[in-house]
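The whole structure should be built from the sequences, with the hints applied where relevant.
Protein chains in written order, with the working numbering: chain X, 47 to 161; chain Z, 34 to 146.
Worth flagging that the hints you see were computed from the coordinates, not collected in a lab. All figures in this text were calculated on a predicted structure; none of them were measured in a lab. A couple of the hints might just be wrong.
Unchecked claim - Derived BS3-like pairs (lysine-lysine); straight-line CA-CA distance at most 30 Å: (1) Z:K141 - Z:K82; (2) X:K117 - Z:K82; (3) X:K63 - X:K117; (4) X:K103 - Z:K82; (5) Z:K145 - Z:K94; (6) X:K64 - X:K103; (7) Z:K94 - X:K103; (8) Z:K82 - Z:K145; (9) Z:K82 - Z:K94.
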Amino acid sequence: EAQVTQNPRYLITVTGKKLTVTCSQNMNHEYMSWYRQDPGLGLRQIYYSMNVEVTDKGDVPEGYKVSRKEKRNFPLILESPSPNQTSLYFCASSLSGTSLYNEQFFGPGTRLTVL
Amino acid sequence: AQSVTQPDIHITVSEGASLELRCNYSYGATPYLFWYVQSPGQGLQLLLKYFSGDTLVQGIKGFEAEFKRSQSSFNLRKPSVHWSDAAEYFCAVGRGSNYQLIWGAGTKLIIKP
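Structural data, given as structure tokens:
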């Protein structure tokens, strides 16, 4: 089944403890992206990747890191999480990042709470 | 700067009634417009998109949207809602400079039995 998977789905952690949220897609998509969703703010893009080894900042990249070493994986790293990073995180992928025509496919989301 | 406004945070509709969700955008050129739906506990799914041509766009699950350039709007409609339509709906506009999307804040649809 074509899908985007994220792990973990739920995570409660403490301030300053490094964490990684994994994202994997099995559709051979070139483009991948991370968003955070907060009430009243909709989705805000954190980072995106047009292809392997190519990443770029979105609108809210502070406090986050990403890497794209393989086409299928795009992990989101929080080196020193803070409470303001408590949010619902979505990973998405699409066939190409150089065309808006391609539909973005979303993972199920990761709900992160930083205490 | 481009922006997307969804004026209604929540909308409550009786099952079987018609639905219209509003979306207004700010964009200098011809916009690429999208509606996505987020069912409870799930990721987002594309309902429909507009790039050019016919201003009335048909999507999945019986939804349609109409692009009105003069009003800078792209409202989502459905003639008769079902309980399974209860979800959060997001409008988005494509940002031509880097092919990214700008998202509205979302409208939560509540269905009354």
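Against the structure, the hints:
With a C-alpha separation of about 20 Å, the suggested pair Z:K141 and Z:K82 falls inside the 30 Å cut-off, and the hint holds. Distance check on the hinted pair: X:K117 and Z:K82 sit about 26 Å apart at the alpha-carbon level, within 30 Å; holds. With a C-alpha separation of about 27 Å, the suggested pair X:K63 and X:K117 falls inside the 30 Å cut-off, and the hint holds. Simply put, X:K103 and Z:K82 have alpha-carbon atoms about 25 Å apart, close enough for the 30 Å limit, and the pair holds.
Proximity of Z:K145 to Z:K94 is assessed by CA-CA distance (about 19 Å); at most 30 Å being required, the pair is judged to hold. Simply put, X:K64 and X:K103 have alpha-carbon atoms about 20 Å apart, close enough for the 30 Å limit, and the pair holds. With a C-alpha separation of about 34 Å, the suggested pair Z:K94 and X:K103 falls outside the 30 Å cut-off, and the hint is violated. Between Z:K82 and Z:K145 the alpha-carbon distance is near 28 Å, which keeps this suggested pair within the 30 Å criterion.
In summary, the hint linking Z:K82 to Z:K94 is supported, as the alpha carbons are separated by about 14 Å, within the 30 Å threshold.
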